[in-house]
Amino acid sequence: MITCKPYGSNSLVKSGFDRGMQRYRCPSCGFNFTNTPTREDHTDAAKPLVLLLYSIGKSIYHWIGNLISGNENKRFARELVVEFSDGEKIFTEGDSTREMYIVQSGEVQITKRFSSGEIHLATITKGDFVGEMALLEFLPRSATAKAVGKTRLVVLQPGGLLLKFRRDPTFAFEMLQRLSHRIRHSDERFFDALQRGISVDAIQQIVGVSEFTSFQESTPKP
Amino acid sequence: MITQIQSGKLIVISDLHLGSPVCRTKRQIIQFLNRAANQGYELCINGDGFEVAQVAFQKLAKDVPDFLRALKVLGNNGCNVYYVVGNHDIILENFLDDWGNIKIAPFLNVISGGQRIRIEHGHLYDPFLVRYPQLYEFLTRFAGLLLRASPWLYKAWIAFQNFSSYHRTKRDQVIHGEPRNFTIAAQELAQRGFDYIIFGHTHHVNEVDLGDGKRYFNPGSSMLDRSCVEVVNGKVRLLEWDQLCVKAPKTV
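Residue numbers (my numbering), protein chains in the order written: chain A, 27 to 248; chain B, 126 to 377.
Just so you know, the hints here were simulated from the structure itself, not pulled from any lab data. Incorrect hints may appear among the rest.
Distance condition first, Cα-Cα at most 27 Å in a straight line; then the derived DSS-like pairs of lysine-lysine [said to hold, decoys possible]:
| hint | chain 1 | residue 1 | chain 2 | residue 2 |
| --- | --- | --- | --- | --- |
| 1 | B | K184 | B | K197 |
| 2 | B | K280 | A | K176 |
| 3 | B | K360 | A | K176 |
In isolation and in its complexed conformation, chain B is listed as follows:
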């Protein structure tokens, strides 16, 4: 099982939820992957790439093949694809192994340009999931039924999270909309020698300064924002998909 890697050029995306009724960006994701492949980036999908918890296998089988083909293109270009397991695809923990150019891992410690980067889905730090795992699973499946009825409920839920955490975000230095536990966990990891920490899970995009030059990133979800984290020789930054995929100007 791979947990330690070295990479000079890596892109981290998170929470694609392919197969979910809310995920309507499959074509854009595939375009993004093709462009990343052309620019020689390795790819890390930071959990919840496939929506296994909420949808039937038939729906997943319809959505996934194109995506896997795009991953194959990355592989053909000599780029590795790392898949960090999340809570919606936790069943993939049974396949923690090296599948050709796709490497499935529980978390990744990346060394890039002398910097140590931790990439982890982050569901282990979700206070509700840790306290009530069965209730969480039940609510996840139930939410799947509701989302099939109206995908807009998802945006309402995210808006509610943003609203409810408004005062907390102003008071503490945390990512807007997510519980403080994630930033505390990132601080914990920073203390044991990681320079950059990348989580997913919460679908809220942002970055937080942890002090001493250490930073915590969350690339959010492709269902809401099209953001990713770029790692190039130890330099880590949060950017939009379009910023990565700007075509080089044509030379006359």
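The following block holds chain A by itself, in its conformation from the complex:
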């Protein structure tokens, strides 16, 4: 039995349709309404069921969310970590490998071959990086890297470098700062050698062939 809720009257007249449902009007009070089920119409048993379905739905939503976003983060954040024992070669001069390495623990010794033998260029310590020239320029390795003691390295592949910059923008800053420092340092050494009247061959020995070549290429010829 449909009744008018404000007045309680049963004598109702039909008053058109609202979204496909019959509307009624109470002649006594003029109240217009649609006979839709209200909350009071749900049984007590239905309420826990609704809550249960809501919780299950929400759990599934979170589970799918974790599956997508959580795994994505893990997948992208997981860079390859490799371990080298003392004296083991990480890469050799002339290699065509492209990886760049960040030293997580231990040390890496960089050496370069010359006609007169091998010279020690630098020792890379924890937090520093090595092999960025091959990754940025896609050229063969210009020096050899060896592990000093037990060394752990994070490997950055060419495809992951930009993603790494996006996740860790200060890494890009540090890398640029380091490269800028190296250019300034090699320029200083070069001009110092020139001032001391050392021959070009000798400068090549001091500065290193690759750095000297790149300097010559970037210097406009008269």
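Let chain A serve as the given structure and place chain B on it in line with the hints.
For chain B alone, coordinates are given in the frame of chain A:
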């Protein structure tokens, strides 16, 4: 520009927001700095030291001189003061340089007792700031107007953040109230050779174990908690201002 330093004894505080209507601890901050100076600590202000985004310069000019005097005392004691730029004082990036005993830096890599420590404000890892920088700036300025009307809105906002992240904090190992992105960023930095990572920005104090003995700290904001991170010869710990400033007992 300085980004690499060595320090044996360093104190890191964050998010002072001097000049903000919410910042009512100026006197305590100055007292804290004076005590730190007496104990020979170097100081690092990890971003948002000055509230440049939300308040007028006149208000800032009223609040800052005493603070700068306290920094000068540190300088006179031979201690360096490092200022890492945050998002509310990002204009200071124009002054990234060595200003006597105050050194302004975008971030700091500290070597202390053979440990590598990264100190960074952390706004670069705020997902909302990165996605919508202009909207973020607009909302920051708008929030400044609201806070002038009622500083209690700030505490309501922090309470809301704590409430909304309740389930997330229980599920993931993150600092209560802050997005997971900060812990992920800290893990990223830990992976490339940092032993301790110190961020600010979120105003939520806590520390998180990142595994392999590496830890992530957030000293929070002086507007809510009086916490700082102490670095002494490679040992890093989170403590209250009072714990640092305990006076030595008088000897008879």
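Hint check:
no.: 1; hint: K184(B) x K197(B); in the structure: holds, 21 Å
no.: 2; hint: K280(B) x K176(A); in the structure: violated, 50 Å
no.: 3; hint: K360(B) x K176(A); in the structure: holds, 24 Å
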